[in-house]
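Take the sequences, apply the hints, and build the full model.
If you want the building blocks of each chain, they are given just below.
Number of protein chains: 2
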Amino acid sequence: MANELRYVGLDVGGTTMKAAVVDDDGRPAPHVSLPTEPERGQEAGLETMCETIRQAVVAAGLTLDDIAAIGVATPGTMDLKTGYILDPPNLKPWRNVPVRDYIAHKFGKPTAFQNDANAAAMGEYWSGAGAGVRSLVMFTLGTGVGGGIIINGEVLEGEHSHGAELGHMKIEMTKPRLCGCGKRGCLEAYASATAVVKRTEEALAGAPPSILHQVFREKKLTAQRIFDAAKAGDPLAEKIVDETAAILAIGAANLMHVINPEMVVFAGGMTESGDWFLQKIRNHVPTYAFPVPAERTKIRFAQLGSDAGFIGAAACARQLIRGALRR
Amino acid sequence: MANELRYVGLDVGGTTMKAAVVDDDGRPAPHVSLPTEPERGQEAGLETMCETIRQAVVAAGLTLDDIAAIGVATPGTMDLKTGYILDPPNLKPWRNVPVRDYIAHKFGKPTAFQNDANAAAMGEYWSGAGAGVRSLVMFTLGTGVGGGIIINGEVLEGEHSHGAELGHMKIEMTKPRLCGCGKRGCLEAYASATAVVKRTEEALAGAPPSILHQVFREKKLTAQRIFDAAKAGDPLAEKIVDETAAILAIGAANLMHVINPEMVVFAGGMTESGDWFLQKIRNHVPTYAFPVPAERTKIRFAQLGSDAGFIGAAACARQLIRGALRR
Numbered sequence: 001m002a003n004e005l006r007y008v009g010l011d012v013g014g015t016t017m018k019a020a021v022v023d024d025d026g027r028p029a030p031h032v033s034l035p036t037e038p039e040r041g042q043e044a045g046l047e048t049m050c051e052t053i054r055q056a057v058v059a060a061g062l063t064l065d066d067i068a069a070i071g072v073a074t075p076g077t078m079d080l081k082t083g084y085i086l087d088p089p090n091l092k093p094w095r096n097v098p099v100r101d102y103i104a105h106k107f108g109k110p111t112a113f114q115n116d117a118n119a120a121a122m123g124e125y126w127s128g129a130g131a132g133v134r135s136l137v138m139f140t141l142g143t144g145v146g147g148g149i150i151i152n153g154e155v156l157e158g159e160h161s162h163g164a165e166l167g168h169m170k171i172e173m174t175k176p177r178l179c180g181c182g183k184r185g186c187l188e189a190y191a192s193a194t195a196v197v198k199r200t201e202e203a204l205a206g207a208p209p210s211i212l213h214q215v216f217r218e219k220k221l222t223a224q225r226i227f228d229a230a231k232a233g234d235p236l237a238e239k240i241v242d243e244t245a246a247i248l249a250i251g252a253a254n255l256m257h258v259i260n261p262e263m264v265v266f267a268g269g270m271t272e273s274g275d276w277f278l279q280k281i282r283n284h285v286p287t288y289a290f291p292v293p294a295e296r297t298k299i300r301f302a303q304l305g306s307d308a309g310f311i312g313a314a315a316c317a318r319q320l321i322r323g324a325l326r327r
Numbered sequence: 328m329a330n331e332l333r334y335v336g337l338d339v340g341g342t343t344m345k346a347a348v349v350d351d352d353g354r355p356a357p358h359v360s361l362p363t364e365p366e367r368g369q370e371a372g373l374e375t376m377c378e379t380i381r382q383a384v385v386a387a388g389l390t391l392d393d394i395a396a397i398g399v400a401t402p403g404t405m406d407l408k409t410g411y412i413l414d415p416p417n418l419k420p421w422r423n424v425p426v427r428d429y430i431a432h433k434f435g436k437p438t439a440f441q442n443d444a445n446a447a448a449m450g451e452y453w454s455g456a457g458a459g460v461r462s463l464v465m466f467t468l469g470t471g472v473g474g475g476i477i478i479n480g481e482v483l484e485g486e487h488s489h490g491a492e493l494g495h496m497k498i499e500m501t502k503p504r505l506c507g508c509g510k511r512g513c514l515e516a517y518a519s520a521t522a523v524v525k526r527t528e529e530a531l532a533g534a535p536p537s538i539l540h541q542v543f544r545e546k547k548l549t550a551q552r553i554f555d556a557a558k559a560g561d562p563l564a565e566k567i568v569d570e571t572a573a574i575l576a577i578g579a580a581n582l583m584h585v586i587n588p589e590m591v592v593f594a595g596g597m598t599e600s601g602d603w604f605l606q607k608i609r610n611h612v613p614t615y616a617f618p619v620p621a622e623r624t625k626i627r628f629a630q631l632g633s634d635a636g637f638i639g640a641a642a643c644a645r646q647l648i649r650g651a652l653r654r
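Line order of the protein sequences matches chains V and L.
Going by this note's numbering, the letters in the first sequence line up with residues 1 to 327, in that order.
Going by this note's numbering, the letters in the second sequence line up with residues 328 to 654, in that order.
Everything labelled a hint here was simulated from the structure, so no lab data went into it.
Glycine included, C-beta positions come from ideal geometry on N, C-alpha and C.
It is possible that part of the hints are untrue.
[Stated by the list, open to error] Quick list of in silico lysine-lysine cross-link-like pairs, PhoX-like style, CA-CA up to 20 Å:
| id | chain 1 | residue 1 | chain 2 | residue 2 |
| --- | --- | --- | --- | --- |
| 1 | L | K408 | V | K298 |
| 2 | L | K558 | L | K546 |
| 3 | V | K183 | V | K198 |
| 4 | V | K280 | V | K239 |
| 5 | V | K183 | L | K510 |
| 6 | L | K625 | V | K81 |
| 7 | V | K219 | V | K198 |
| 8 | V | K198 | V | K220 |
| 9 | V | K219 | V | K231 |
| 10 | L | K546 | L | K525 |
| 11 | V | K81 | V | K109 |
| 12 | V | K175 | L | K558 |
| 13 | V | K231 | V | K220 |
| 14 | V | K280 | L | K510 |
| 15 | L | K419 | L | K436 |
[Unchecked claim] Across the chosen pairs, the derived CB separations fall in these ranges:
| id | chain 1 | residue 1 | chain 2 | residue 2 | range |
| --- | --- | --- | --- | --- | --- |
| 16 | L | T501 | V | L34 | 44 to 50 Å |
| 17 | L | H432 | V | K298 | 33 to 39 Å |
| 18 | V | E272 | L | K547 | 52 to 58 Å |
| 19 | L | N423 | V | K298 | 21 to 27 Å |
| 20 | L | P618 | V | E272 | 30 to 36 Å |
| 21 | V | E39 | L | K502 | 43 to 49 Å |
| 22 | V | L34 | L | P618 | 42 to 48 Å |
| 23 | V | P93 | L | L332 | 51 to 57 Å |
| 24 | L | P618 | V | T287 | 29 to 35 Å |
| 25 | L | L413 | V | N283 | 55 to 61 Å |
| 26 | V | K219 | L | T501 | 56 to 62 Å |
If you want it as structure tokens, here you go:
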């Protein structure tokens, strides 16, 4: 035990931040969480990060002396080279926050800094769906569509910290939907949970009465309720879910033709609908991808849920000490 | 001179193969070329490869003892890990050809094997448009659309040798054009030289008389003639060229949001139309890409022409001896 290295992974979200100590094999101790409260400003935010890290160490029954390195994941925009959060839409009014150096100096430990979607992909690569693969592309389906690409144990960060913004691949030119980013035709405008609800609302307008109409009248339409209606046999919901699977297959195929990874992972709320939906995505892949990657690329749902972020942040911390996970 | 390492780069095409000795700084000696004649079979093909390599060494005024390593680039399909050409559409009837080991044993030299589009990207990275950048994505616009991705001096080969098949990203769902690969909606079905001619022929059918109609009646319509007509002010040709620039900007933006490279390079016949066309592509990029990569990503035309393949093959040979060009 005394020789085993341990890391703290911290995942900062717009609402809460979560941290845990993670051992050298990717196993987390119990995690702690604190409210982010970005509106209190970035100095308060940095102090909450430090407090979450301290509490995570206590929750693991350890002291800071037991910690080899710290990893911090945050939403963008960011500059990964300098370790700054720049102008994060989900952490307003923070701006130009020197996260990495602040944490490193506060604790006197090597500190890694990573985009939250990249960190989540790293978590799945280390000890989730992708354990053992050489390369992995992950799509995270939520309010938006996030992405992470890991090749030979390294995060593809990109030259301007914009690597793996997979939600913003253009997949439509003729009738391109408006994306939350302000551009048109992005994958996110079709395949995020928000976009699935929007596509359903539009389809409901001209469709015959169905379970979904009843849901829509009685409660808020959500991606989960749409998926439930599809499972219950509602034809309109089935159509929406199948189109969503086809769109995600296009996303996967495009990445098979760019990165050609060993595995494509989907994460986020929609994946909780189970293997039924995973199989639909897989069924569409051969329509869009070349035979070899279509046959050989493993397609999986994520396994770590919302723990992927802090586990991946810890993986990035581990890299500072141990080098790349696999080469 | 005696201490300087030299490499032979060989680029095998469907019609001819070209080779040259390249020095340690990426400067080629005069190249030689021989007909490929794939119809003569793969044993004859392998022997022609060896003969082209031998002639290249003679053309450089050297002997084989002066050569540190050999690099061979061929069209796919292929298995880069084992060094085999598998089932190449452009080299029929070759099948399962152990190119790398054959050349390595024949000459007793370390031998690298690479996809031709990847090798061309490596050539531009080493001593062409991308000299000095850390990461580069290249689109080669010809009969099809090829691609190559270089990050920190290494070719992104992919898990199944399908990395950087950039022509087969899907960019259209509503009215997806049929691609030469048999799938629909691929970038190649819009932006290859062949596709530009096809889009023009379709547009001519319903358009008022123009320079292009006259070209079409008198000679074969080619991408070059379409670009020339656009330069001469033909409105239909201008429209086609501008749409092509927008489609290439979508391709570039998608790669900015996946790889986020320091530079995007376009190569192939269409780029000979000059900076006029390059500027059109650049003008469309901010419509599709996030502000930071749109502003900062260098967009260039290739500089090495058809020498890029053998220079890049030599770069891959150099890596066997020297390790990655830049990290």
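Check your understanding: Which hint numbers doesn't this structure obey?
Key -> Result: hints 5, 12, 15, 22, 25 and 26 break, sorted rising.
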